[in-house]
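2 protein chains.
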Amino acid sequence: MTDRSLLILPGDGIGPEVMAEVRKVIDWFGSAQGITFDVSEDLVGGAAYDAHGVPLTDATMAKAQEVDAVLLGAVGGPAYDDLDFSVKPERGLLRLRKEMDLYANLRPAQCFDALADFSSLKREVVSGLDIMILRELTSGVYFGEPRGIHTEGNERVGINTQRYTEGEIARAARSAFELARRRNNKVCSMEKANVMESGILWRDVVNEIHAAEYGDVELSHMYADNGAMQLVRAPKQFDVILTDNLFGDILSDCAAMLTGSLGMLPSASLGAPMANGRPKAMYEPVHGSAPDITGQGKANPIACILSFAMALRYSFDLGDEATRLERAVEGVLADGARTADLMGPEGGTPISTSEMGDAIVAKLAS
Amino acid sequence: MTDRSLLILPGDGIGPEVMAEVRKVIDWFGSAQGITFDVSEDLVGGAAYDAHGVPLTDATMAKAQEVDAVLLGAVGGPAYDDLDFSVKPERGLLRLRKEMDLYANLRPAQCFDALADFSSLKREVVSGLDIMILRELTSGVYFGEPRGIHTEGNERVGINTQRYTEGEIARAARSAFELARRRNNKVCSMEKANVMESGILWRDVVNEIHAAEYGDVELSHMYADNGAMQLVRAPKQFDVILTDNLFGDILSDCAAMLTGSLGMLPSASLGAPMANGRPKAMYEPVHGSAPDITGQGKANPIACILSFAMALRYSFDLGDEATRLERAVEGVLADGARTADLMGPEGGTPISTSEMGDAIVAKLAS
Ligand SMILES: [Mg+2]
Ligand SMILES: [Mg+2]
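In order, the protein sequences belong to chains A and B.
Quick note: the first sequence uses full-length UniProt numbering, first residue 1, plus one each step.
Quick note: the second sequence uses full-length UniProt numbering, first residue 1, plus one each step.
Honestly, I wouldn't trust all of these hints.
All copies of an identical chain are treated as equivalent in the list; a pair is satisfied when it fits inside any one copy or across any two copies.
[As the list claims (entries may be wrong)] Lysine-lysine pairs mimicking DSSO-like chemistry, simulated, CA-CA at most 30 angstroms apart:
id : residue 1 : residue 2
1  : Lys63     : Lys122
2  : Lys363    : Lys98
3  : Lys363    : Lys186
4  : Lys98     : Lys298
5  : Lys24     : Lys298
6  : Lys236    : Lys63
7  : Lys363    : Lys298
8  : Lys63     : Lys24
9  : Lys122    : Lys24
10 : Lys63     : Lys186
11 : Lys186    : Lys98
Just so you know, these hints were derived from the structure itself, not from any lab.
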């Protein structure tokens, strides 16, 4: 018996392939360490649409609400590009985030030393990089009403609404300050307070929460466009970056690319604590469904495996086990294990998705 | 007598210093080439607020509407940070853009070979970089209504509205396709059609304009967050990037920083043709007012001088003269002339703002 429950949603494209490697890691923790999980699996995205005509069924949604953590692979693919907006694969993901109220999206951008040369940036600019972007995930312009395309006079008009309440900003800010306390105690908040009233409110509320509750954390503010520049110029100046849904979407991807390989990067999306004290939580790799390499054994499972490491740390309070898993990944990379996406100009023979999973499990056991 | 009119708005901070160097270039074209300009000068931003209580007077606005081209230095500074939103220095700039209806913001990101090592990116990733971002500048979330901060129940709510009409998208798209025809004939349009209806309309209208009028131009689409990643990963894949106001704000700054020095980058903001055939136009450096170095002779005037080169090309159809000025800038850089912002790790003695202006004029004459 275990009191740790996981719902695995492999999704589309390479999702199922990389999730199979996470299964090996989960199994190893159970058999070798006695750390067991109650694992169930279901459909999301295009896979759910194909089976049920919707990118996420109500039954799957209900299951996601019950478990301690959801592990998601990836959604989307060219087969679904022409679907109606309301049933696009991404809507399944957005529904999970919205109904589980996963308001804090944690996007680490870490540069493994063995891979620093894969970055388009100079080694000295990125080696040792370790920043965390906290993107507000359940509000802002991707959710605000009114929205849609309608006709005015004789032309179409497209509308979306950027809308933030004080409470939405406050809880994201608290998550960022809490994170910073466990890291290097610095938060930089990014918005466009110079041209957007929602940015002015964002800055005011962050300042108020800081003054009232987190005076020990170093706080700075930056306009989001300058933030994009500073990430490119000198990313190591940051510890935790706090920003809204839309700016976080762009800035977290910009930061991700600084590290040189998206195949490496995990993410966590956290909400409020449940009855058992664990936060509502979903973990997923940053990379997409990569339809171009689906089914070829070329996918890099590391981002998905590191997402499970984040689950160990943030959902199950297994920080030591998370670190052990992260060290195992670092170890196999230092040993020279490379999937196809990590082939440098020096060449070499890539290992398969499955071989990378096996290597990580072997390193865990060593 | 000349039929070429210029309104110079030096603005705040280093604005007046860099504009003084542009004056030298303008004077040289007049005295050495017989290419003369009717030049007037006025206030904008904090300087206008200090004199008149508003960041742009109606009289200055009227003058800007009459001239062929406005040259603007920079606005803003810490003295104005606590002003009411409605009279912040940036509002003066936004008013100019809005009332002149300067819908096409051209942001070149070019990497001068002599300065490629200043980039945080590897030399091979950026050397020879020459991309142009066309940012829609008069609509979108920085202008849409409703906007503001109000109270709902017992909490504040901040709202902005992303709103694009078909016509607004169409004219920006046409500008991008026209630009591409004069460059490498490729346009990549960026939005978030996967999660925003305004992005869906954007993509649809761009496709329609392309099919109807610009089938000879190569068109691709990219989600804006992926665009940020691709700019960092491999910026030379792009020719013209077409995007909206907010995404363009972030992406153009991200692209600017790839080149390694913001002090180098000009911009143009163009509107519809006037009665004389010239477009409504404003030219300005990308850099800000840099209050930390104001009045010390440390500012780099090159961005402002290259902005005047864009004026020569886009307002006055003086492409050869624009190229001559750009070559002069390239020449002084190749000769080793460096303002303080261009000091590399190898050291050396920086020249002043004024010395850089003199060097460029001397190179023009040589
Ligand atoms: Mg994104
Ligand atoms: Mg900007």
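Against the structure, the hints come out as follows:
1. Lys63 to Lys122: neither (45 angstroms within a copy, 47 angstroms between copies)
2. Lys363 to Lys98: Neither. Shortest intra-copy (37 angstroms) and inter-copy (60 angstroms) distances fail the 30 angstroms Cα cut-off.
3. Lys363 to Lys186: Answer is neither: 34 angstroms inside a copy and 47 angstroms across each miss the 30 angstroms cutoff.
4. Lys98 to Lys298: Neither: 32 angstroms inside a chain and 50 angstroms across chains, both beyond 30 angstroms.
5. Lys24 to Lys298: Answer is within; shortest intra-copy Cα gap is 17 angstroms, inter-copy 59 angstroms.
6. Lys236 to Lys63: This pair counts as neither: shortest intra-copy Cα distance 40 angstroms, inter-copy 46 angstroms.
7. Lys363 to Lys298: within (21 angstroms within a copy, 55 angstroms between copies)
8. Lys63 to Lys24: Classified as within: same-chain Cα gap 23 angstroms, cross-chain 71 angstroms, threshold 30 angstroms.
9. Lys122 to Lys24: neither (35 angstroms within a copy, 38 angstroms between copies)
10. Lys63 to Lys186: Neither: 37 angstroms inside a chain and 47 angstroms across chains, both beyond 30 angstroms.
11. Lys186 to Lys98: within (28 angstroms within a copy, 38 angstroms between copies)
Checked against the numbered hints above, the structure breaks hints 1, 2, 3, 4, 6, 9 and 10 and satisfies the rest.
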